[in-house]
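**Q** Residue strings, one per chain:
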Amino acid sequence: MLGYLLKRLTYTVPITLAVTVVCFLLVHIAPGDPLNAVAPADAPAEVVEALKAAYGFDRPLPVQYAKWLGRAVAGDLGRSVATGRPVAGEVLSAVGNTLLLAVVGGAAGFLGGTLLGCLAGYFHKTRIDRVASAISVVGVSVPHYWLGLLLTIIFSARLNWLPAMGAGPGGSGNWTWDLAHARHLVLPAITLSVIPMGIITRTVRALVAEVLSQEFVQALRAKGLRDGQVFTHVAKNVAPTALAVMGVQLGYLIGGSILVETVFAWPGTGFLLNIAIFQRDLPLLQGAILVLCLVFVGLNLLVDLIQPFIDPRMRRN
Amino acid sequence: MSLIPHKPAADRGGPAQPLLIVGSLRKYFPIRGGLLGRGHGAVHAVDGVGFQLGKGEILGVVGESGCGKSTLARLLARLIEPDDGEVIFDGDGVGAADGIGVKELRRNLQLVFQDSFASLNPRMTVEDSVAFGPRIHGQSAADAIRVAHDMLARVGLEPSRFGGRYPHELSGGQRQRVNIARALVTRPRLVILDEAVSALDKSVQAQVLNLLLDLKEELNLTYIFISHDLNVVQYISDRVLVMYLGQVVEIGPVDCLYRDARHPYTRALLSAVPSMDPERRTRHSPLTGDPPNPVNPPPGCRFHQRCPHARTVCAAAVPKPVEVAPGHRAACFMANPASGYDSSPAEVGR
Amino acid sequence: MSVTALATSSAAPPVAATARSRGYWSGVGRRILRDPLTMGCAGVLLLIAAAAVLAPWILPVDPYKTSMLHRLAPMGSAGYLLGADELGRDMAARLIHGGRLSLMLGVLPVVFAFVIGGSIGILAGFAGGWLNMVLMRSLDVFYAFPSVLLAVAISGALGSGMSNSIIALTVVFVPQISRVAESVTTQVRSLDYVEAARMSGASAFTIIRAHVLGNVMGPIFVYATGLVSVSLILGSGLSFLGLGVKPPEPEWGLMLTTLRSAIYVNPAVAALPGAMIFVTSMCFNLMADGIRSAMDTKA
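Chains as they are written, first to last, in my numbering: chain G, 1 to 317; chain W, 1 to 350; chain S, 1 to 299.
Since the hints were derived computationally from the structure, they do not count as laboratory data.
Honestly, I wouldn't trust all of these hints.
Said to hold, decoys possible - Derived Cβ-Cβ restraints for the label pairs, each shown as a range:
#1 S:60 <-> G:124: 46 to 52 Å
#2 G:92 <-> S:137: 28 to 34 Å
#3 S:20 <-> W:271: 25 to 31 Å
Claimed, not checked - From the structure, some residues in chain S lie toward chain G, with a derived Cβ separation under 7 Å:
#4 139
#5 141
#6 157
#7 281
From the three backbone atoms N, C-alpha and C, an ideal C-beta is built for every residue, glycine too.
Isolated chain G, as found in the complex (with noise of 0.2 Å):
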């Protein structure tokens, strides 16, 4: 097992130096100068030049690159051109906020998914199974970016419950834990759990009705354990793998986050990417992808550490 785990461990370093390739070139394949973010289009010459030696865009590629990533490292990710304030500060800032959202709309999901599948998967092929796997159609279905707006329509815009736009009241971005807060979180966080709650409701319902038609439940039942007895036994070989689709999903709700959180202006990475898209301001671009991706490889990286101390068959390669 110390083999696995050291092995998984080394092979996130290539894939980690990958990931700040791309991050490196998405500026570059961008159409146009990178110069053109930061200079105004009637510069002069003479003044395009200087920036370019100042920002080393004159340099060959693989040099800008090294030196973009040994500032990165140390923690120096630019300045953000329509702020001019360090892009790290404003990317951790709104990491927190994201990381809020996730959990708990991906609390949420994988709770509401959890059940409905065990639901759906013990009673396979009745009727509650069927009224399970719609909402879990619906689920997968649904824009999730269309549901929040529907949302705001019912429960900002004509019951007025609750409100609609950021983090807290009067546009407050600093997030704490109060009643006032708190209600600023509950549509963003619904809005994001339907996918990983149909995604989960799925693969729990197939693992379940997967495990129950095995000859170890029958021999289980015949032994004259009750049904609770048997469900720990059920759920201890779902455990593995839908903790695995778990892991994947709160990856992709960290850093798929930009359509709810623009959706509801919340204060978030995804935000930040969106502002930082239109203002053209690429060192925020950049910078942002890169902590998200970073945060995803890690997450990723974590499920399959913990994976064998779940799975007792991996512990044994």
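Please arrange chains W and S on chain G, whose structure you already have, making use of the hints.
**A** This is chains W and S only, laid out in the frame that chain G set:
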């Protein structure tokens, strides 16, 4: 009656020339693993196998699972490349500068696999599967189907009934007949049957074995018959080759070898065959323990750790095969009076 | 994949007729035809697609014609069956026309990724060895990006526009389809019938065409059909973010975002484009499920 325009390749070397001469064939499979996928040793799957095969002969190959039988089959067919050793087909070295190429070899040599289902493309009808080889060999589609039908009829499957079916619509025995037809349709001279009847029911097994014997006479074939079933091997073979951990431990005419096996491993295998006579039931397991790890085969004779007659010499030196009777050779020090083994075979033989 | 189908012109006499069994694909087709839910979804999708293609003839109203007078007209008002948008353009016409770009955003990236990713995966799986290593490990890099982020990042870098959206989504799906194609091809390659085909002397190309493709296309196809709804939601999502189709083109995601300001005035009209995305993506999902279960059978 044959409509087959595709004639078998001519017998080039004459009847005295062995159809196949195999010399010190070797294949190690490297084991990948570790941080950077570096090799951590190698499985010694086939390690210095050599034998000759006469024209029209049936050579049985027996041994425990994992002893390298299937690897040997795939090496002979060049589905995997040997690390070392030579194969001479009817006087021509395979892959040698003045010999025959792999393509030419495969015109003369075909394989029948154990798993009748996995050896047929599930999306192809039976006749298309059988006709595939002739098509590749340049026959027109209509001619290919014609020879396929002819061969299906020879293996006992009515072409008009079975030709258009898919593999999952056939029984295991029928599928194996299709595989035999597919192997024979290009008129090979040597057919390697890799556990070809092992997965079949006993009654079906007998039918297929008899079919194989009939086809051998009809089509002038030579067989290498690989099996772990000693009864079947005894029934069908002219000569038998016994493998242990990638090496030949004994080879000889079937009657001679079954009556008077000289290698302790062969004796153990033969005494493990269940007897029909209740007075002669097997009371003790003739072989104890698992075969040693083929990654680190033991030094000296590979069998010495499990051999009831092992002496110090067995762990120290590798026994060379010696002739114990005409055409019967065993790689055991007990069979070689000059080996320094300190007990005569007669005393040990029980 | 039949051998006879490979026939060059041959003057040989006809072969004795054989009773041919029903092939795998015709069996799949029959099972799909008997599945009312799948057929229903296919019908709805066909209707949406036909309406999108034939839009000018079905509803001869200009989807670009603005009218300050009829801004955000409610549903059912005279001349505006489904109301009007924030610039007074006819919603019904825009929704029907919008199907063109939105369906393209759903289908085209998956088709491109199916061709590219399928080829890469089959090549890697069939070749094995170092080529497999190089190809699959390179694609692993894309797995380090959450798919939404990857699509947004590429679109953001390339700039907005329909073709850039399609490129971005294709890049997102290629690694996924490649991985599926690689794993099924690796499985098929190790089966005895492929070895038997090698024994017959067939070239690698012929073996792939005659023995591998027919057996790996099914699983790859099933996986790809499941991606169409993802592609539609993501593609419309890019437009929703302003990264995809540019105004004033009618596209459901873009319409949804421009109507956001109207949710307090005319919520029903504002929600319509999203409903179209939802219905279409659900039909694609259910149809993919139907195809999967129709194909999920031995042989």
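**Q** Hints the structure violates: just list their numbers, smallest first.
**A** Violated hints: 3 and 4; rest satisfied.
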